Structures are given as C-alpha cells and as structure tokens.
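Asker: If you're matching them up, the sequences are chains A and B in order.
Mapping to the numbering used here: the first sequence position 38 is 38, numbers consecutive.
Mapping to the numbering used here: the second sequence position 45 is 304, numbers consecutive.
Mixed in with the good hints, there may be bad ones.
Among chain A residues calculated to face chain B with C-beta under 8 Å, some are [what the hints assert, rightly or not]: (1) D71; (2) E73; (3) A76; (4) G79; (5) M82; (6) V88; (7) I90; (8) G92; (9) A102.
None of these hints come from the bench; they were simulated from the model.
All values reported here derive from a predicted model rather than from experimental measurement.
The beta-carbon is built from N, C-alpha and C at its ideal position, and this holds for glycine as well.
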Amino acid sequence: MLEIKNLWARIEDKEILRGINLTINKGEVHAIMGPNGSGKSTLAQILAGRETYEVTEGSINFKGNDLLDMDPEIRAGEGIFMAFQYPVEIPGVSCTYFLKSALNGIRDHKGQPPLDAMEFLSTIREKMDILGIDQSLINRAVNEGFSGGEKKRNEIFQMQVLNPDLAILDETDSGLDIDALKVVASGVTQFKNPEKSVIVVTHYQRLLDYITPDFIHVLYNGKIVKSGGKELAHKLEDEGYDRIKNEADSLQSAEESTV
Amino acid sequence: MSEILTTEKDNDTEDIVEAYTKQDYKFGFVTDIEMDTAPPGLSEEIIRFISMKKNEPEFLLEWRLNAFKHWQTMEEPEWSNVNYKTVDYQNIIYYAAPKKKQTLDSLDEVDPELIKTYEKLGIPLAEQKRLSGVAVDAVFDSVSVATTFKEKLEEMGIIFCSFSEAVTNHPDLIKKYLGTVVPYRDNFFASLNSAVFTDGSFCYIPKGVKCPMELSTYFRINTAGTGQFERTLIIADEDSEVSYLEGCTAPMRDENQLHAAVVELIAHKNAKIKYSTVQNWYPGDKDGNGGIYNFVTKRGRCEGNNSKISWTQVETGSAITWKYPSVILKGDNSIGEFYSVALTNNMQQADTGTKMVHMGKNTRSNIVSKGISAGKGQNSYRGLVKVLKNASNARNYTQCDSMLLGDRCGAHTFPYIDVGNTTSQVEHEASTSKIGEDQIFYCQQRGISAEDAVSMIVNGFCKEVFKELPMEFAVEAKKLLEVSLEGSVG
Numbered sequence: 001m002l003e004i005k006n007l008w009a010r011i012e013d014k015e016i017l018r019g020i021n022l023t024i025n026k027g028e029v030h031a032i033m034g035p036n037g038s039g040k041s042t043l044a045q046i047l048a049g050r051e052t053y054e055v056t057e058g059s060i061n062f063k064g065n066d067l068l069d070m071d072p073e074i075r076a077g078e079g080i081f082m083a084f085q086y087p088v089e090i091p092g093v094s095c096t097y098f099l100k101s102a103l104n105g106i107r108d109h110k111g112q113p114p115l116d117a118m119e120f121l122s123t124i125r126e127k128m129d130i131l132g133i134d135q136s137l138i139n140r141a142v143n144e145g146f147s148g149g150e151k152k153r154n155e156i157f158q159m160q161v162l163n164p165d166l167a168i169l170d171e172t173d174s175g176l177d178i179d180a181l182k183v184v185a186s187g188v189t190q191f192k193n194p195e196k197s198v199i200v201v202t203h204y205q206r207l208l209d210y211i212t213p214d215f216i217h218v219l220y221n222g223k224i225v226k227s228g229g230k231e232l233a234h235k236l237e238d239e240g241y242d243r244i245k246n247e248a249d250s251l252q253s254a255e256e257s258t259v
Numbered sequence: 260m261s262e263i264l265t266t267e268k269d270n271d272t273e274d275i276v277e278a279y280t281k282q283d284y285k286f287g288f289v290t291d292i293e294m295d296t297a298p299p300g301l302s303e304e305i306i307r308f309i310s311m312k313k314n315e316p317e318f319l320l321e322w323r324l325n326a327f328k329h330w331q332t333m334e335e336p337e338w339s340n341v342n343y344k345t346v347d348y349q350n351i352i353y354y355a356a357p358k359k360k361q362t363l364d365s366l367d368e369v370d371p372e373l374i375k376t377y378e379k380l381g382i383p384l385a386e387q388k389r390l391s392g393v394a395v396d397a398v399f400d401s402v403s404v405a406t407t408f409k410e411k412l413e414e415m416g417i418i419f420c421s422f423s424e425a426v427t428n429h430p431d432l433i434k435k436y437l438g439t440v441v442p443y444r445d446n447f448f449a450s451l452n453s454a455v456f457t458d459g460s461f462c463y464i465p466k467g468v469k470c471p472m473e474l475s476t477y478f479r480i481n482t483a484g485t486g487q488f489e490r491t492l493i494i495a496d497e498d499s500e501v502s503y504l505e506g507c508t509a510p511m512r513d514e515n516q517l518h519a520a521v522v523e524l525i526a527h528k529n530a531k532i533k534y535s536t537v538q539n540w541y542p543g544d545k546d547g548n549g550g551i552y553n554f555v556t557k558r559g560r561c562e563g564n565n566s567k568i569s570w571t572q573v574e575t576g577s578a579i580t581w582k583y584p585s586v587i588l589k590g591d592n593s594i595g596e597f598y599s600v601a602l603t604n605n606m607q608q609a610d611t612g613t614k615m616v617h618m619g620k621n622t623r624s625n626i627v628s629k630g631i632s633a634g635k636g637q638n639s640y641r642g643l644v645k646v647l648k649n650a651s652n653a654r655n656y657t658q659c660d661s662m663l664l665g666d667r668c669g670a671h672t673f674p675y676i677d678v679g680n681t682t683s684q685v686e687h688e689a690s691t692s693k694i695g696e697d698q699i700f701y702c703q704q705r706g707i708s709a710e711d712a713v714s715m716i717v718n719g720f721c722k723e724v725f726k727e728l729p730m731e732f733a734v735e736a737k738k739l740l741e742v743s744l745e746g747s748v749g
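Isolated chain B (complex conformation) (with noise of 0.2 Å):
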C-alpha cells in the first residue's frame, strides 16, 4: 500500500532520552526526513491534490471541501484554560509522501540511555526494536504476528484496516457513517481534520461477533508512524464488542507541533465498545518549549438500545492536550463511561474530560477523572453531563479527583450539569488532595524510597481508572506514570 500516508517521526533517539530526563534539549526539532510534494498551506487546491493523490471517491473529496469551506468560517476557539502559541495554519504541509526512515542492523547501534528508558517502560526486545528503527528478524517478526491476527479477524468478518485501505475496499461503510457522531462542522479542529485528514483506522465488527482479541494499532500493518491529521472510525453492529487500544506507552516523538485527530465509534444494539489510549508524546522540555499540541475530538454514539461505550485514557504527554472523549447516549438503556488519568508536569498543560449526553430513557453514565499535577503543571477538568426531556431516569455519577505535587502546579475543575427533566438523578463529587509528606514519610520509615512511594502513592490514587484498562496496558501504565514523574520530587 504505497498510498498510505505517515508522517513520518524524527527518530533522533537521543532527544526522546532527554525529553525523558529532563535535560535540556539541545538539538531542535530536525527534519532529516525528505519531504514529497505540495508545499505549505491550506487551499483547496492542496485538499484536492490529497484526495486525487489518495484516490478517493468523488464523495470523499466533496466532504473535505466542505469542510474546509466551513473551517474557513470558523475561528480558533480560547475558551479552554491552556495557553499557547497560535498556529499558523498556512505554515503547516498537509500532505507528505512517505520515505521509508533509516534502519539499523541491531539494537547495539541504538543509543544505551533510550534503551534503559524502554526497559524502565518494560517494552518488549521486538517492540525496541520497532521503534527505534532496527530491522526486525524473523523471529520476532511483529509484521508475521500481525499477519496471522488479520487472518483470524477475517474469518470471523471483522474489518480492521487503515483508514485509505477502508475507503478503497469498503466505500460503502465509509459513506454510510463518516462524519455520523463528529459532523465536519462540529468545531475548528474537527473541521480542520475533515478537510485534511491523512490516515488512520478503520474497524467494524460484523452483527453477533465478539472480537476474540484486543485490536490494537500495533497489530495493524502499515502504520507504523501516527499521521498529524489522523482519522479513527469504529462500528460495532448489534450485538457485538470490541476492545481497542490506541497508543503505545513508550515515547513517542513526531516533528508535527499540531495534532488534530478526530476518533467516532458507533455502538447499535446491544453492542459494546471499549476504547483505550495511552498517550505519551514529546510534552517540551522543562521550560515549556517544543513539545505536542494535541487537539482531539473523541465521540461515540451509542446508537442502539442496551448499547455501550467505554473510554478509558492516561493521558501523560503532550505539551497540550485539549480532549474530551464524549457518549450520545441515545438507544433506550445504554450505558457511557469515561476513566481518566492525566498527568502534568514541568510545563505541561491538559484540559480534558468528557460529555455525555442523555437522550434515551433509562441510560445511565459514569465518569471517574484523576489529574496529576507536578513541576508547574496545569489540569482541568471540564466536563457536561446533560441530560435531555425525554431522557427519563437517566443517571450520571461522576467523581473527579485532582492531585498535587508540590506547590508551583494547579489543578482545576469545570463541571457543567443540564438536566431537562425530573426523573433524572446527576451526581457530582470532586477533592483535591496534596500528596503528603506524611504519606511519603510513612513509607520511607517503612523501607521504601521518596521516589518509589510517590509513585506508589500515585498509583493507588489512579488505581481506579487503572483497573478498566486491559492488563498489559495497566502494567505498562503504571511505569510509564513512573518515569513520568522522575524528579518530580525534591
């Protein structure tokens, strides 16, 4: 597939080391990566060149123009409590061919500091290998692994594919629920991703069927880089589930200051989704300078009655994060969860939480947000629960528990609650809480290190949203909390 489209990462393994320890960043962001075709800006020509380039359908190019016909309306919206540096917009290249990135002939060529950082994250030898660029042999062969996962999901009718394989092979789908939960118009960065985006996945689970496996990115072909405009499509048919997990835990550095990704799930009856994400990309050095905006748009609607749609995200990197992965609980019954953990430090800014929006009888949401703030970190929690007239009996809890470590960070809380009718209970409880030098005391007297209970103590506070990831992925979490809070204490 020569037409999928990554851009493609600047795999200076020795700044994702510093990004990690803390240290000044010494070489800037270089690009040693030649880029192909269309120069920088946004025009309709440049949309029309990406879709021609790509191959679509004449309806795929007809939404992205309106789409960035409606962007152009729209302004870039301030009423999140993060500061940055404005894009600029007609400076960003929308569309980069791929070049295939340099490989090394073993893991002794990779520098030993990256290393340990995998090793503290647990990552596997073949994974190192993948994401440092190394040749993978054929044991390991993570490409192999993959082959054989797809097989097994094509007996059972389970699509799992890029987002441009699913436009070539399954238009149809593509039409029927593109833009379905994030309509083009639904706000400056969704737009902007409508009009532009590059690739992403593609997953539909066919009536009945229960996907015997977590579909993870990893296991995709073809993608190994995350596209700056990435697009996220699942379907999970009446009575069938799904688990999904996006992201890696280990770190992830890309060239592209601006990310704006759009994810829609749709769940009809009885079907269940589950999406998890662990997000740990470049947050800038200790000074605030560099690092990711990361502007996402998250939606599931769960369509059908007795439907179910879970989020569940540890959210660690990025210099921003601006995202709220939000359920339209619309089917009679249906249920919408969101686990959160998010962590600050240094410079770091997250406005994140969720909507859930009640409109069936009976549907119930749950929400559990913990913010970690560190350094001179700054979280928000923003979060709607709204509950429509037709809405009866509907229910909401939501908890929302922020904490501090040391005294130059923050931690904030937005909470905005509309109930349109009498029957409906809405719940809300929030707390603050520093970690204490008693608590790290009380452990120390007891053998454990300042650094290892500050960890441990984090962890029992998250331990709740923990526990909704699957296993691996909760492991692997909780190191990566670990090293991201490395020198957080005095």
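So here's chain A without its partners, still in its complex pose (with noise of 0.2 Å):
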C-alpha cells in the first residue's frame, strides 16, 4: 500500500523529518506516537500533499505510484484520506454540498458518474446513523460553529462517505471527551478491512484503547526511533517519551562521537 524510504523534509531552513523508512501493507493499522514537535503531524500531511513542507530526500510510493508528483486532490482520487487535526471552516458551504462535490471529484477521477442528489442522500445516510450525525449538522456551513467533538465527528463522517484505501488520523483524539473518542473510534473500527490501511498520529495511548494497532512506531526528532507491537503503548503509557528521549539521545551522540 504505501512506502517510504529515506524521507527528508524542512519547513523553511528547519529540518523537521530526518530520513523515516515505514512500510504499510493491506489491512494493517499502524500507530505513530511521539513527543510534541517530533515530527509525526509533518508526515501525516505530507502524505496528504501539504505544500508548506519541502521533501528534500527520499521517496514515497502509493499503490505503485510516485506519491510525491501528485497534487493533493489527486492523491485523495487515489485513495487518501487525511482526517485533520484542525478541521477547516468553510462559511457559507454546507456539509451536504461540500462532501458531494467531494464525492464526485472523487468519482470522476476514478472514471465513474458523478452521482445525482439521490443516490449520494441515501450514500450518506446509512453512514450518518452508524455515526450518530444529525441531519441539521449536515445542513450547516462546513465546521462552522461546531464543537469540537462535532468536527471530529464529521471527519470521520466524510472519511466513511469518501471510502479511501488509506485513511490518515492526525491527531483526532485531541480535544475529544471519552464518549466523542469511542464514536470516533468506533467510526474507524467500523471501517477497517483487509483491504484498508489506517495510519493514527497521535500523542496519547488513550485512542489505542479503542483503535486497536497492528504496530506502533515512536517519532523522534524526525526519526521513527522505536517500532513494536501494541503493547509499546502501554510501555509508553507507563515511562513516557523521556526514555526513548534519553536513550535516542545518547545514541545520537555516540554516533557523533565515533565521526
């Protein structure tokens, strides 16, 4: 599904990713967790094509494809998804608007019909009562005005609705009270297959209570520094990132050392 090897990046003259190699296959959950300013909300929006960040090195590949030569809605006709971490408002747009033109640019880039008012009401609807989302939330202007639990929700809404193959969570936990967390998760569980990946940033344990991960790598000043199982998770619970800190930092110095 998705390949990265070697992968660079800035953001102006600060070096923010230090070389990541991360393989995802069909079917896999893989969590990336990490202190803040780690790195890890960098990668998930260079893989969704965010054109603030520079990748000076390295490759990513999607599918086969070249990840890194695409735009950012052609990467979403390909099957990404990035649920953000600070949904946009958009005044004036309604939801139901707003996910059908999504929808069909999604549709058109795959070479199918864009759909009519009722076949894309009745797409959505069966995905609004497993979500719980009311028919008002969708009536209104895109995030605007919504809590924070809403806008979460709503992301996980448009992901199930846009059906990708690989779906991003950045950081989707932050801000929700436990039961906002649990539909979010159960949004994802519900849409988790074999044939989907789902990568989940994120900086606490507490989400992968309820999104189980395949493997878990900790992000460290732009490098993954340790990958495991989930049970990672719960060491991290109990020592926090200042082990990983301290024991990446005496590696880095060693490796200085010996220069």
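Quick one: dock chain against chain with the hints and give me the complex.
Answerer: Put into structure tokens, the structure is as follows:
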C-alpha cells in the first residue's frame, strides 16, 4: 500500500523529518506516536500533499505510484484521506454540498459518473446513522460553529463516505471527551477491513485503547526511534517519552563521537 | 419601432473570449458599424436634434435642456476611490442611429471559444444564438416568447416597454414621474444622462396587481443592446408587486467606454419592488487597458407607507464601477434593502455601496455587501445611512464583508452614519478575510481541485446575497463568479 523510504523534509530552514522509513501493507493499522515537535503531524501532512513542507530527499510510493508527484486532490482521488487535527471552517458552504463535490471529484478521478442528489443522499444516510450524525449538522456550513467533538465526528463521517484506501488520522483524539472518542473510534473500527490501511497519529495512548494498532512507531527528532506491537503503547504510557528520548539522544551523541 | 436607439455592440466574438481567458487583447476596439448622423460633441443643438429625432414632446426637450445647462456648471466628481483617465465629453457621439448587425446563419459560424464560454455559463442555445448574432429559428424564437408574455402583461394592465415607447404612448406618466427620484441636478453623471439619454426601460404596475413573472429586458423586443446613456423608470402603484431583472451573465461587449445610466424606482403604498442586476461588461485586459466605465445612478423611493424596495446586484464586469443603488424611505414602516456582490479581478476598480435615507417612522433598512478582490483589483464599499429627525424608531443593519485573494489586491470600507434622533438604531458590522491556504488545502485533500475550491469558498461567502436573487439568476451568478475568477489561483 504505502512505502516511505529515507524521507527528509523541512519547513524553511528547519529540518523536521530526518530519514523516515516505513512500510504499510493492506489491512494494517499503524500508530505513530511521539512527543510534541517530533514530526508526526508533518509526516501526515506530507502524505496528504501539503506544500508548506519541502521534501528534500527520499521517496513515497503509494499503490505502485510516486505519491510526491501528485497534487493533493489527485492523492484524494487515488484513495488517501486525512482527518485533520484542526478541521477548517468554510462559511456559507453546507456540509452536504461540500461532501457531494468531494465525492464526485473522487469519482471523476476514478472515471465513474457523478452521483445525483438522490443517490448521494442514500449513500450518506447510512453512514450518518452509524455515527449518530444529525441531519441538522450536515445542513450547516462546513465546520462553522461546530464543537470540537462535532468537527472530529464530521471528519470521520467524511472518511466513511469518501471510503479511501488509506486513512490518516492526525491527532483526531485531541480535545475529545471520552464519549466522543468512543464514537470516533467505532467509526474507524467499522471502516477497517482487509483492504484498507489506517495511520493513527497521536500523542496519547488513550485512543489506542479503542483502535487497536498492529504496529506502533515512535517518532523523535524526525526519525522513527522505536517500532513494536501494541504493547509498546502501554510501555510508553507507563514510562513516558523521556526514556525513549534519552536513549535516542545518547545514541545520537555516540554516533557523533565516532565520526 | 425604427426610432429605438441602441448603440450596436461590436460583435467581434473573439474579443469577448479573450476578455475571459485573460490573454492579451489584440484587435482593439474595432468599430465596423456605420454611425448615422450627429458629429461628436455635446451642445444644445445636439440635444435638440436627439429630441427631434425621437419625436419627443416639448416638456421632455425642455427638461433635457435644463439638465444640460445645469451639467455645464458642474465638475466631474473626484471623491471616489477609483483612478481613471478623464473622459473627453466632447469626443463622444451622443446620437447614433442603429444599423442592423450582421446576422450569421448558424452557431457553426461562431468562434468555438465563445461557445465554450457560453456553455460554462450555462446559457441556453436560443440565447447563445441571440447573443452571437445568429438568426433565431422559429422554434426557439425568443421574440415570439416575448410577444406571448407581453400580451399576458397587457391583460393585467401592466405597462412594460422601452422608454421611447412610453414617451410616445404614456407621456402623462413620464411627465409625472421622470426625475422625481433622481432629479436632473442630482450629480454630474445623472445630469449628463438626463440631457442625452437615448433609451431604456419603462414599467408601470397598476394598483393591486402582482406581476406574475419576473420582468427582464430579455423579454422586451427592440432593445437587444444596452445604450450608453440608459434611463429606466419603474413605478409600482398601491398594493402592487414587481420583480425586475437587469442585465445578463453573458459577456457584454460595447465600444462605448463611458456608461452613465439612471434608474428610478417609485413604490407607492404597500407596493414592493425587487430589482436585481447582474453586470458583466468588458473589464479591460489584464493590464487595465480598455474596459467600460460604469457610472450609474440608481435610486428608489418608498413613497407610500409599508412599501418596500430591494436592490440585489452582482457586479463582476467593467473596468470601473461607480454605483450606489439607494432607497429613500419616505413612507412610514417602509423597508429598504441592498444586497451586493462586487468582484474585482486584474486591474478592475469598484467603488460601490448604497444610501439609505430614513424619513418615515419605523422605517427599516438592511445592507449586506460582499466585496471580493483578486489580482490587483481594488474594491471599496461606500455606504451612507442617514436617519432624519422625524424618522422615529428607524432601524438599520449593515453587514459589510470583504474577501481578498492573493496579496496584490485591496479592500476598503467607507461607512457614513448620520442619525438625527434618539429612538433609532443603526448597526454596522464589517469583516475582512483572506481566502486561506488551509481552506483550499482542506478542499483539495477531499478531492476538490484548487480552482473549484476557490469558487466554492467565494460562493459560500456570497451566499447571503445569492439567496436574494431569483432562482435561475442565482445559478447563473454562481457560474459567472467561477468564470470571472478563472486564473486567479496561482
């Protein structure tokens, strides 16, 4: 599905990613954890095609194609979805209209005919029921005046409707109370199947109680410093990031001193 | 009606397309239409000549001459926030008899690029033909549609005709109402118009009649082109209602650089007038050469109690727009509304807004202005809310939002508020936003292209105004914004 090789990226003069290697197969759920500023959100944004970051080295292959070569809307058409950490407000544009344009944009990319209003409504109705999304919410302007929980739920709702192959959740758990967290997690669990892959970017272990990852990677200073199974999350919960930071830092200085 | 005077448009189709594709404009203003009579320049003789040609009654000639005398004492206004080369008023031809324009046999003869623009705007086939000068066949004959409508209107006693026809057939109404809302002394451009206006529209809705259809210049025979000095007069008698549409979303080209129109609306007791405009004249090339100067005086008077006048405008064309559709709220409990979208791209400049003058008790006014600036466009909102001493309990709400695309354009707001009593309430809200990279990225991440994202965001921004437009007009206006914004995303 996704293969990241030796990815380096910077914003202006600041190096943020320093050689990321990561392979994600179909049906796998990967969690990317790490302290603030470790580069985990940057990685998510680069996968989605944000131009603020400059990729200086490395490659990303998605379903056999060079991902870095594609505009963000092409990536969406190819099956990448990112749930935003801070979903953006678009005043005056209703959720329904927005989502219909998005879905038909993706369908167009795949060479499928656009859905008409009736077909679209029946597609979304089912997903609305699953996530307990109210009709009045989707009649409102995109994210405008939404509570934190509503915004995140709307992201997961969009994910379900657009039905991507790779879903990236960028700190979707931040700012959610436990009930909202459960709703979001159950949305992701329903989405999961052997054909789909999920990347969960999070600072805390708590979301992983509800979405069970197959792999956990710890990002620090723009590198994956530790990878493991789901037990790694609990270890981090107990020990915090300090131990990993210290290990990584001493490794770094050891490397430097041997040069 | 051979006396109908319209200034024929230069129908060089390629030019229209170029105006929209933002390429350089190669051919200049080619005038291949033979002009009849009247040398350039303005004098009393010319005005007498125009009036004679049009067989006008004495009172109208006198009115024109008075306007001309007054105009000569006036200075061209310089207070607006626009810059342009001064107009040489002695170098304008004020009377040109219309010549038949060349008709083509089918749309196949029309530049395919132009057809593409029409299709983007969703203009129906029959209308495409009319606009590009193709002879319209019997099945789609817009004239016959117009005739049917006209008969229906006549049955109800509604008068809807060209201004010249009204002068001939209803001189009493013209005499009674002309210049009662916009007097010939009003301002430089209105005075000029009063002296030399060629034609325009006239509409009278009798007592108690609700006009069953939207009146549009499109359905009026004999006025295919827009005159340079157009004059419109609409009167809604007691308890009547009318919705009037001006303009067309199709690209409008005209070799006349200066346009100075006057529109007067009068609403009697309990009457309602809704006036919607879509203006899409040639804006000039991307460096600001050419393009129409649109200096319009539009004003309505809520004469009777409980009357209502509502202006809705979508302004995307012209090099310079100078326009303040206003309402004088004379009758008690009368309502004035102004909904506006003004878009400036490339080198376009717009100084537009409204004036709401509260005279009657419990009068209300509502102003919603949405300015969008792209390229190097400059967009100013200028609005006056004036509440006179006797207008107790008057209320006004003004919302004035600007949106910037890119960092070379500008948005300006000049609100003037003048309240003469203590029982009134005036509210003004203003905002400026920049179309965000995050908004565009969010849309793109969901599969929507950057260009579609911009038009979606801009349309969302204008929603409050578009919902005031009649349905079909709103659909066209959305598409028009898309076309006008083409190429504004880097």
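Asker: It remains to establish, for every hint, whether it holds in the given structure.
Answerer: For each hint, the structure was consulted:
1. D71: With a closest approach of 7 Å, the D71 of chain A hint holds.
2. E73: OK, holds: E73 of chain A within 8 Å of chain B, min 5 Å.
3. A76: 4 Å, holds
4. G79: 10 Å, violated
5. M82: 6 Å, holds
6. V88: It holds, given that the least Cβ distance between V88 of chain A and chain B is near 4 Å, below 8 Å.
7. I90: 6 Å, holds
8. G92: Holds. Min distance 3 Å.
9. A102: 4 Å, holds
Hint 4 alone, counting from the list given before, is not met by this structure.
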